[in-house]
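S.K.: Each chain is listed here by its residues.
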Amino acid sequence: MTVHSFQEHFDSLIDREISIEPKDWMPDDYRKTLIRQISQHAHSEIVGMLPEGNWITRAPSLRRKAVLLAKVQDEAGHGLYLYSAAETLGISRDEMYDQLHSGKAKYSSIFNYPTLTWADMGAIGWLVDGAAIMNQVPLCRASYGPYARAMVRVCKEESFHQRQGFEIMLTLAKGTEIQKKMAQDAFNRWWWPSLMMFGPPDAESPNTAQSVRWRIKRLTNDELRQKFVDVTVEQAKVLGLDMPDKDLKWNEERGHYDFGAIDWEEFKNVVKGNGPCNKQRLETRKQAWEEGKWVRDAAMAHAEKRNARKKEAAKAA
Amino acid sequence: MSNSKYLLDYTLRLADDALILGQRLGEWCGHGPILEHDIALTNTALDHMGRTRSLYQYAAEQFNNMPAEDKTGVFTSIALQNLINTSASLDEDNLAYLRDGWDFKNVLLLEQPNNDWAYTIARSFFYDAFNYFFFAALEKSADESLAAIAEKSLKEATYHLRWSSEWVVRLGDGTEESHTRMQSAVNELWMYTGELFIENETDNALAQQGIGVDLASIKPMWMERITSVFEEANINTPQNSWMQKGGREGRHSEHLGYILTDLQFLQRTYPGMQW
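From first to last, the protein sequence lines stand for chains A and B.
Quick note on my numbering: the first sequence kicks off at 177 and runs consecutively.
Quick note on my numbering: the second sequence kicks off at 5 and runs consecutively.
Incorrect hints may have been included.
Claimed, not checked - Sample of chain A residues facing chain B (criterion: CB under 10 angstroms; computed from the structure):
| # | residue |
| --- | --- |
| 1 | T233 |
| 2 | R234 |
| 3 | P236 |
| 4 | R240 |
| 5 | A242 |
| 6 | G255 |
| 7 | L265 |
| 8 | R269 |
| 9 | G351 |
| 10 | E380 |
| 11 | R461 |
| 12 | A477 |
To be verified - Label pairs and their calculated CB-CB ranges:
| # | chain 1 | residue 1 | chain 2 | residue 2 | range |
| --- | --- | --- | --- | --- | --- |
| 13 | A | R239 | B | K249 | 30 to 38 angstroms |
| 14 | A | V414 | B | E205 | 50 to 58 angstroms |
| 15 | A | K444 | B | Y262 | 38 to 46 angstroms |
| 16 | B | K156 | A | R269 | 33 to 41 angstroms |
| 17 | B | M225 | A | V414 | 35 to 43 angstroms |
| 18 | B | K156 | A | A437 | 52 to 60 angstroms |
| 19 | A | S268 | B | N191 | 31 to 39 angstroms |
| 20 | B | R272 | A | P290 | 32 to 40 angstroms |
If you are wondering where the hints come from, they were derived from the structure by calculation, not from laboratory data.
Since this is a predicted model, take the numbers as computed values, not measurements.
Even glycine gets a Cβ: it sits at the ideal position worked out from N, Cα and C.
Please take these sequences and the hints and turn them into a complete structure.
M.R.: Structure follows, in structure tokens:
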């Protein structure tokens with residue numbers, strides 16, 4: 177086949193909603209875009225362990241502690257699936273880590289915000305995982321097979337996390353006055369950054385059309401954001417918490433909630449590295465990696481020694 | 005001490021061991037040297053937390069069933085005493101979150117800091133090997149609840165011991181640096197291992213009734229396992245025989261206070277709430 181016919185074949189698979197597999201021919205840009213998207217998602221899982229991980233030792237009950245441990249462990253598992261999916265595109269996990277540590281690869285900006293109270297564990301599960309699910313459910317039908325399959329597993333666990341987060345919020349909201357205040361405060365702080373998780377407005381998202389065409393993105397940023405707002409308003413009513421947006425109101429004509437202006441200046445700055453925890457999160461990851469080097473070296477050296485001994489024994493036999 | 009107090013003391017110490025190690029291992033979550041082993045270690049922490057809960061629930065049940073006159077003076081914490089005075093029943097969280105250090109009976113080994121991967125592995129290895137033989141014996145306890153908890157715990161301890169043994173070997177027989185680190189972690193933690201086998205009044209009373217484990221009988225098995233793994237790992241078994249003790253009596257190292265500060269701060273700041 178000529179490159180031209182390779183391209184035609186690829187396009188026809190995309191058109192017929194047949195998944196692309198690692199050994200299939202694919203355009204370079206498709207491969208690059210996927211590596212960027214999947215590794216960014218994997219990094220988000222790994223960096224995302226930190227803001228919640230820092231509450232494991234402080235969880236207010238043994239049950240909450242066990243659930244939080246399990247949740248953060250799930251995130252590590254998601255990182256693992258996603259790194260593996262990206263590896264099928266011809267990049268190693270170590271290369272991806274290097275890109276994260278050098279700042280070349282990004283991760284979700286939401287994790288550059290601090291977790292200040294226990295209610296943040298609720299708000300992250302409810303809002304951040306909720307927004308992540310909105311983004312990710314359509315990706316279970318993404319065109320790249322290993323990615324879509326990883327997302328199926330990720331989404332199942334994420335929806336469980338989201339329910340847990342909501343349950344933490346509900347317990348606080350129905351608790352004492354101070355607990356309700358804690359819940360509202362966390363809601364206020366996480367609401368706007370959660371809306372930013374869907375990315376810039378469609379008008380400023382030049383790659384969206386291509387990604388939609390490739391079926392590695394199935395709905396636009398603004399469509400997903402609107403869906404998230406509509407769902408969350410109803411959930412906030414159940415919790416009895418106030419929406420942190422004075423401009424929020426139901427728009428009969430659109431059949432959706434209108435919401436206030438997002439501070440894109442803040443978003444751009446957090447992406448650029450000026451968020452409250454960017455430096456801290458990245459330093460923590462780098463430190464874990466650097467301090468783990470001797471451990472990884474030892475594991476490698478030991479495996480080599482073992483293999484050598486096995487070979488010797490086989491020769492002798 | 006009355007018989008019910010021995011059983012309570014025994015149950016609490018096992019719960020405290022599990023909680024304190026679970027808390028320490030939980031500190032690694034998100035900071036491990038290899039993603040797969042970050043997951044494995046967190047999984048182990050979860051097993052310890054699961055056992056913590058079963059044991060505190062059982063301890064709370066025992067305490068709640070005690071005659072009122074026996075309940076005074078069991079715990080020194082004012083927060084717990086106040087609860088008891090209102091004749092409220094205690095639950096697992098009250099026991100974990102409202103006692104002070106001198107009511108905690110975990111061994112000193114488990115409150116030692118993580119330091120590095122070698123230190124963490126050595127601490128787990130000593131304890132996993134102990135647990136493996138301990139729960140194998142406790143599975144036959146005349147106390148049904150302890151026997152049931154032991155049965156589940158033995159399955160977990162079997163996996164934990166395999167995992168930590170493999171790491172002792174990997175590090176001991178890895179690079180020069182990993183060998184040095186592993187050997188010094190073993191050397192430094194060795195003096196905390198003796199306490200695992202100290203038998204006090206509680207042990208003696210419960211061993212006689214077939215409820216508790218005869219620690220002297222599992223010590224040689226523990227030692228044999230330790231030395232055989234060390235041999236494979238090219239690690240020398242330390243020869244110093246001076247052992248630290250005090251944890252089982254509530255006399256701890258400085259580390260425990262900080263662990264409890266982290267663990268308990270929310271319950272202390274906002275007392276009596278549901279979370």
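S.K.: Each hint should be assessed against the structure and marked as holding or not.
M.R.: Results for each hint:
{"no.": "1", "hint": "T233", "in the structure": "holds, 4 angstroms"}
{"no.": "2", "hint": "R234", "in the structure": "holds, 6 angstroms"}
{"no.": "3", "hint": "P236", "in the structure": "holds, 4 angstroms"}
{"no.": "4", "hint": "R240", "in the structure": "holds, 6 angstroms"}
{"no.": "5", "hint": "A242", "in the structure": "holds, 5 angstroms"}
{"no.": "6", "hint": "G255", "in the structure": "holds, 6 angstroms"}
{"no.": "7", "hint": "L265", "in the structure": "violated, 18 angstroms"}
{"no.": "8", "hint": "R269", "in the structure": "holds, 8 angstroms"}
{"no.": "9", "hint": "G351", "in the structure": "holds, 6 angstroms"}
{"no.": "10", "hint": "E380", "in the structure": "violated, 33 angstroms"}
{"no.": "11", "hint": "R461", "in the structure": "holds, 9 angstroms"}
{"no.": "12", "hint": "A477", "in the structure": "holds, 5 angstroms"}
{"no.": "13", "hint": "A/R239 / B/K249: 30 to 38 angstroms", "in the structure": "holds, 33 angstroms"}
{"no.": "14", "hint": "A/V414 / B/E205: 50 to 58 angstroms", "in the structure": "holds, 54 angstroms"}
{"no.": "15", "hint": "A/K444 / B/Y262: 38 to 46 angstroms", "in the structure": "holds, 40 angstroms"}
{"no.": "16", "hint": "B/K156 / A/R269: 33 to 41 angstroms", "in the structure": "holds, 35 angstroms"}
{"no.": "17", "hint": "B/M225 / A/V414: 35 to 43 angstroms", "in the structure": "violated, 56 angstroms"}
{"no.": "18", "hint": "B/K156 / A/A437: 52 to 60 angstroms", "in the structure": "holds, 55 angstroms"}
{"no.": "19", "hint": "A/S268 / B/N191: 31 to 39 angstroms", "in the structure": "holds, 37 angstroms"}
{"no.": "20", "hint": "B/R272 / A/P290: 32 to 40 angstroms", "in the structure": "violated, 22 angstroms"}
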